[in-house]
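With chain A fixed as given, assemble chain B onto it according to the hints.
Each chain is listed here by its residues.
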Amino acid sequence: MTFLSDIKDYPWTSLLAGVLPARLAARLPKRFRAPSSQIVPPASVAGRALTIVIAIMTFLACLTAGGVYMVHQSASAWVDDIASEVTIELNPLETADIEKKMTLVALFLAKQPGVARVKPMSADDSAKLLEPWLGSTAALSALPVPRLIAVEIDRSEPPDIESIQNALTQNFEGVTLDDHRRWQSEIKLITRSTALGGIAVLALVAAATIAVIVSATRSAMATNREIIEVLHFVGANDRFISREFEQHFLGLGVRAGLVGAIAAAVTFLLMPFLLSLLGGGSVTEAETRRLLGNGELDLGGYFLLALTVVVVAALCMVTSRLGVFRVLKTYA
Amino acid sequence: MDHLTTWENVALPLRVMGRNESDYADDVTDLLHWVGLGNRIHAYPETLSGGEKQRAAIARAVIGRPELLLADEPTGNVDPAIGNRLLRLFVELNRLGTSVIIATHDYGLMEQLEAPRLMLQEGQLQVGAPQITAR
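Order-wise, the sequence lines are chains A and B.
Residue numbers for the first sequence follow this note's numbering, so the first one is 1 and each next one is one higher.
Residue numbers for the second sequence follow this note's numbering, so the first one is 333 and each next one is one higher.
One chain only, chain B, in its complex shape:
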């Protein structure tokens, strides 16, 4: 939402849940630092770059510890370091009980994880390791 700061936007799901602001204030700040938005806490969305917006959206999606997280190209607009951090965030969430489904074109990303894979190739869905065929 354009009239709320990054912090307020990320805290929105918790506010909607009716949680007390004093209970979650530190969690939100910590998460923003983790996704590399520590210096953008009080910034408004229109001043954020595409990558920053994406990270804020991810933070907002995970702050409420959802049961299922669908991430479509979560590392598409971010540099590799931040990408790795986001990946670790997803792993942590998964450890805490969230099912995470990531859609990506980044094979490197997949290689970093010991996770079940579904490959969509020429309209066919395959389970298991990617079959990269040279043309």
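Excised from the complex, chain A in its bound form:
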């Protein structure tokens, strides 16, 4: 219950004054201003160096969170995409008239239940798919490139893939069906490893932030030792003293967090440009795009950045509170 009464009694209206730089805070309407001068001088708590460190931490956390989110989004879009399709591959070596066979197989597939659309792909289409790897070359037409038929599945009543596969092998030679299951599991694996890596990075950033705040809290308390003594002398309890310190750390967290998150947002906005700058060849670019999509963060991603700021600010505040309690215990 103390936590609830903490929230209720917190000087929320003067919080804005704690977050803004002193010059701007003085211009706020009276209701939002801190009632009197702050008991612990702000400058003795959050120096510029500390602000920069927290801003960088937030920036890294935002980049990680946004990056993992981006990979997750593009992977699930991709999985979604390939799950609604199967590909039929025709081996050209075992067929005299491949075009005729294509038509026959396509007609056969169209008759199967649960198939929404059948799209035979021309030899040019196949060549285009290979272009990022082999380049645009006339030699491709001389190669026995497999021909593909894309089959779109009706997702409301999906077909029995296995029976289609069996029917195909019974009726035609050199025809295979790929339901992309291997790809799906691989993409899921990649997404999962990226997420795990991201969480590890976030945990490290959080640990570093906590360490920095703990040490900053200690030095702020050492600097303001006299103030703490006077506060004890006039009857302040530990909760009051910790609140005086933590409001500065909350302000620091919000200020530095916003700077870091905005820097990360700008980075994400410039990402498509950066990707093409770093992309190098068309293969690298194709691979990067496959992993990151077009490199743009959607609304959910920006929400995640905002959430990161909230988490960083809360982390600063809670860490400093616990730090103050701990140091006060040693004073007693």
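Any given hint could be a false lead.
With the C-beta cut set under 10 Å, the calculated list includes, among others, these residues of chain B facing chain A [stated by the list, open to error]:
{"id": "1", "residue": "335"}
{"id": "2", "residue": "344"}
{"id": "3", "residue": "448"}
No lab work stands behind these hints: they were computed from the structure.
Note that CB positions come from ideal geometry on N, CA and C, so glycine has one too.
Relative to the frame of chain A, chain B by itself:
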């Protein structure tokens, strides 16, 4: 505290108690006038004289209406007029329920009050009127 004004320093105990500033603002100003710091309300401690600091400290000590007040030479650094005012302040506080213990060398001060006395003389604590012995 050096970065707070006299007014803010004196109001500190009430702020620590979590009282609303609008509720006690006038009380603090009145008390500062009473101890003769009416014109030093917005001054910072480093610009106050020793006597002014002492009066500010007394004001800070009594603003929260404590149950017990220990005053060590409260009139040591102030002129007699202010000294008398402080004494009346202590009497008023006592009337409102605060126990006040004053340590002093000033016999004159003691003479003004009808209060129990404890004398410390040559290491002996005596209860009652001072026995002033000529050497």
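field: Contradicted hints - numbers only
entry: 3
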